[in-house]
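Participant: As a plain string of letters, each chain reads:
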Amino acid sequence: MSSELLFAVVGALIFTLGVAGTILVANLLRRILAFNLMGSGAFLVLVGLAQRGGESDPVPHAMVLTGIVVAVAATALALALLRKQHEVKDSEEELTEIDDG
Amino acid sequence: MKRAIVIAAALVFGGLLINAIVDLPSSPVNLRIAVADNMAKSGVSHPVTAVLLNFRGYDTLLEIAVLLLALIGLMAAGPMLPPPPNQPADAMLQKLARIATPPVIVVGGYLLWAGAFRPGGAFQAGAVLAAAMVLLHLSGLLSAWNAQLLPLARRVILVGGFVLFLCVSVALLAAGSLLQYPPEQAGLLILLIESGLTLSLAAILAGLFLFLSRDNGGAP
Amino acid sequence: MSAALAFDLLLSTALVWSAWRTITANRLDQAVVMFIVFGLLMTLAWCRLRAPDIALAEAAIGAGLTGALLLDALGALRKAKTARRRQ
Amino acid sequence: MVEPVTFVVWLIVLPLAWAAAAFVTGERIGAWLGVVGSAIQTFLVVWMVATWHVAVPVIHRVGGWGAPLGIDLTVDGLALAMLLLTQVVSLPLTIYARSYFSEDASKSRHFWPLAGFLITGLNALFVSADLFNIYVTLEIVGLSAVSLVAIGGGKAQISAALRYLFATLIGSGAYLLGVALIYGAFGSVSLATLIPLVGSNPPQAFALAGLLMLFGLMLKTALFPFHYWLPPAHGGAAAPVSALLSALVVKASFYLTLRLWTELFASIADDIAWIPALLGAGAILWGSWRAIQAIRIKMLIAYSTVAQLGYLFLVFPLLPGQDAIRATVMQACAHGAAKAAMFAAAGVLIKATGQDTMAGLAGMTGRLPLTLFAFGLAGMTLMGLPPSSGFLAKWQLIEAGMARDLWIIPVVALAGGLLTAVYIFRILSFAFLLSPSSVKIATVPRVQEWTAFALAAGSVLLGLRGVELMALLPGQVP
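Residue numbers (this note's numbering), protein chains in the order written: chain A, 1 to 101; chain B, 1001 to 1220; chain C, 2001 to 2087; chain D, 3001 to 3478.
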C-alpha cells in the first residue's frame, strides 16, 4: 500500500469517527468538533485517493482549499449560534427568577 | 441501544468504505495532463493557483460568497452583548504584538505575491493577516467589533474583494463567458483579484473572531 | 519497510488517535485541545501528501483560526456557566 | 443578438451583486435592491422560457475552458422549470418581505443580503454540471437558509437553526465524501464526463458514493424519517423566511436527488427505487397526521410541507419515465407556489391577531377576507382539487402509477389528499365557524395580503397553464 492510499484509508476512518460522533455526542460543541473531523476525513480521502498512483494532483488541492474555507465558515456560524443559545437561555432564566421573586 | 446501533452501523460503513478505497482501479481521466497543457495560458506558473483562480475560479467566487454569508449570518445571530471596555492587557504581550505585527504583514504580502509561482496565495496571505489581527485583539490593542454598529468603511472592506472579483468576472463576459481571462492579461487580473481578496479575506476571517469575541476578561 | 512509510504509519496512528480522543475525551477543554493537535497533525499529513498549499491553509485556518474560535467559545460558555451558578 | 442562454449567468451574478450591495447600503436601500433585482431576474427567466425551443441542453463554459478542466453550466428544460419557479415565487416574497420587515431594522438589515445569497445559491445549483461546484452551491443554500432562520434571534429560532445546521452539515459532509470517492474512481467531477464513463459495471466506490450523496440530499430535503429538523425551522422562522424555505430550499436538494438519480446513478438506482417511494408514503401519512394534530398555524403548515414532500418521492419507482418526471416537477411547482402563499398568509394572520394559534383565528373571515381566501386557494392546491396545479400534479401521478400497474401509488396519493383536506378544513373551520372574539386586531399593510393572494392565485392558475410548463420538459424522454 502506498503512503497516499494509507492516508485515504485514514481519512475514511476519521470520517466514520466524525459521523458516529455527530450522531452520538449530545454536547453541541463536541458535535461541532465531530463535524470538522468528518470534513477533514473527506479531504484526506479526496487527495489521498486522487494521488494513489504517487503523482501530485493540483485539482483536488484547490478543492480542499475551498473546502477548508467553507468548513471554517460553517464552524464560525455554528459557534455563533451556540453562544447565542447560551445567552438567550441565561437571560430567560434571569427573567423567570425575577418573576418568581 | 441507539449507541450500539450507531456503532455497529459505523463499523459496517467504515469497513465497506475502506474496502471500496483499497479495491479501486486507476481512474480513466487524468486532469493533470489538461492542467499542464493549459498552464501557459493560465497567467500563473503555480498549478494550484491556476486551478483556484482560473480553471475553477467560479468555485472560488462562490466560496467567498459562503464566507461572506456566514459572517452575515453570524452578525445576525451572534451574541448581542455590548463590547467590553478595552482591558488594560499585559504590557509584555502588547510589546510582543507590536513587534510581531510588521513582520507578519510582510509575510502576508510575500505569500500573496508568491502564489503566482509557488505555494501561497490570497487564502494563506489573508489567513496570516487575520491571525495578526486576532493577536492584536488578544493583546488588547484592537477592540472587538460590534455587529450592530458597523461603520461603512469596514463594510466596504469586508465585501470589497468579493465585489472586485465579481466585477472582473462579469467584465470578462464580453470575451464570451464568465471569468474568461484573455491569456495575455490573465496574470495581471489574477494578481488584482488576489490582492483584493487578501484584504477582504483577512477582514472576514478576523471578523469571524472579532464579532464573537465579546466577553474577554470582563467579570460576569 | 522504508523510513518514509514507517513515519506515515506513525502519523496515521497519531491522526486516528487524536480524532478518537477528540470525540471521547472526558472534559470539553481536553477535546478542544485534542482537536487542535489533530489539526497540526493534519498539517504534517498534507506535507507528506506533497500539498504545501493545503498545509499552509490548514495550519493558519484549520488549526489556527478554528482553534482560536473554539477556545474563545469554550471560555465564553464556561463563564456563562459560572455566572449561572453564582446566581 | 444576445443569446438568451447567457441570461443564466445573470441569474447567478445579479443576486450576488444585490446581496453584496444590500450589505453595504443597509436595510432601506437594500430592500429596494432586493425587489428590483428579483424583478429583473423574473423578467430574464420569463424571456428565457419564452424563447426556449431547443430539445438539447445549452451549455455555458465558465472561464471558456470546458469540462472536465473547467466548470460547465447546463440549462435544460428541467433546470429552466426550477429557475422559473424560483424567480416567480421569490419576487412576490421580496415585495412581501419589504413590507413585513419594514418596522424592524435589525432583522431586515441581515435579511436582504442573506436572501440574495440564498437565491444565488439556488440558481447556481440548478444549472451546475459539476459535482464539486454543486457542493459549494449546496453550502451557500444551506448556510444562508440556516442564517435566515436564526434572524429572529429568539430562543426557539436559535435552537431550530442549530438543529437545522447540524442536519444540513451532515448532509453536505456525506455528499462531499461521495464527491471524493467519485473523483478517486474516475478522475473527474464533471457530470458530462462522468455519465458515459460509468458503464454497466462501476466500481464499488461508485455505488457507495451514490448512496452517500443521495442520503445526504434526502436528509437536506427532509424526507421522512429525516424530517426531524424541518418543523421547528420552517415553523419557527419569520414568515417570509418560512415561505422561501418551504417553497424553494427543500426543492433544490430534491431537484439534485432527481437529477443524479436519473442521470449519474441510473445503473444503481433501479434496485433501490422502492426505498424513497416507501419513505415518501410514510412522509405523506406521518406529516399529515401531525398537521391534523397541530395547535399552532405555522407548525401545521410546516408538517404539511413534510407530507407534501412525500409526493415528490412517490414517483421514484416510475423513473426515468417522462410522465413520472412531469408529475413530480408539477408537484414541486404547485407546492412551491401554494406553500409560499400559505406562509405569507399565516404571517398576516399572526401579525393581525398577535398569536400563532388556531384558536386565535376565530371569526377572522369577516376581518381579513382576502388573506383567508388566499389561504383557502392555496389549500385547494395542496388538496389537489381541480382546476388547481395540485390537481394536475396528482392526476399525472395517479395516471403514471396506473400505467405501470403500481396501484399503491394512486391509493397513497388519494389517501394523502383526504388527509390534507382534513387539516385544511380544520384550520378554515376555526376562521369561519367560531364567533368573532372581541380581541382587537392590528392592521397589516395591504401589500402583504395582496402578495399572499397573488401567490395563491398563481398556484391555482398554473393548473390551467400546466401544458406550457410541461412543454419545457421534452428533453427528458428516456
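Treat the hints with care, as some may be off.
No farther apart than 25 angstroms at their CA atoms in a straight line, the calculated lysine to any residue pairs in the SDA-like style are these [as the list claims (entries may be wrong)]:
1) B:K1041 <-> D:I3059
2) D:K3155 <-> A:I23
3) D:K3107 <-> B:L1149
4) B:K1002 <-> D:T3193
5) D:K3440 <-> D:L3428
6) C:K2081 <-> C:R2048
7) D:K3107 <-> D:T3193
8) A:K89 <-> C:L2044
9) B:K1002 <-> A:N27
10) D:K3107 <-> B:K1041
11) A:K89 <-> B:A1144
12) B:K1095 <-> C:L2005
13) D:K3107 <-> D:I3059
14) A:K89 <-> D:P3387
15) B:K1041 <-> D:P3232
16) D:K3155 <-> A:Q85
17) D:K3155 <-> C:A2083
18) D:K3155 <-> A:V25
19) C:K2079 <-> B:K1002
20) A:K89 <-> C:S2002
21) B:K1002 <-> D:W3286
22) D:K3155 <-> B:K1041
To give an idea of the chain C side of the interface with chain A (calculated C-beta under 8 angstroms), a few residues [as the list claims (entries may be wrong)]:
23) A2003
24) F2035
25) I2036
26) V2037
27) L2040
28) D2053
29) G2075
Treat the hints as calculated values from the structure; they're not laboratory data. Glycine residues also receive a C-beta, built at the ideal position from the N, C-alpha and C atoms.
Participant: Next, verify each hint and record whether it holds.
Facilitator: A quick look at each hint next to the structure:
no.	hint	result
1	B:K1041 <-> D:I3059	22 angstroms, holds
2	D:K3155 <-> A:I23	23 angstroms, holds
3	D:K3107 <-> B:L1149	14 angstroms, holds
4	B:K1002 <-> D:T3193	41 angstroms, violated
5	D:K3440 <-> D:L3428	20 angstroms, holds
6	C:K2081 <-> C:R2048	42 angstroms, violated
7	D:K3107 <-> D:T3193	44 angstroms, violated
8	A:K89 <-> C:L2044	41 angstroms, violated
9	B:K1002 <-> A:N27	16 angstroms, holds
10	D:K3107 <-> B:K1041	46 angstroms, violated
11	A:K89 <-> B:A1144	23 angstroms, holds
12	B:K1095 <-> C:L2005	44 angstroms, violated
13	D:K3107 <-> D:I3059	39 angstroms, violated
14	A:K89 <-> D:P3387	49 angstroms, violated
15	B:K1041 <-> D:P3232	51 angstroms, violated
16	D:K3155 <-> A:Q85	7 angstroms, holds
17	D:K3155 <-> C:A2083	19 angstroms, holds
18	D:K3155 <-> A:V25	22 angstroms, holds
19	C:K2079 <-> B:K1002	33 angstroms, violated
20	A:K89 <-> C:S2002	56 angstroms, violated
21	B:K1002 <-> D:W3286	22 angstroms, holds
22	D:K3155 <-> B:K1041	54 angstroms, violated
23	A2003	12 angstroms, violated
24	F2035	5 angstroms, holds
25	I2036	10 angstroms, violated
26	V2037	12 angstroms, violated
27	L2040	12 angstroms, violated
28	D2053	6 angstroms, holds
29	G2075	10 angstroms, violated
Hints 4, 6, 7, 8, 10, 12, 13, 14, 15, 19, 20, 22, 23, 25, 26, 27, 29 from the earlier list are contradicted by this structure; the remaining hints agree with it.
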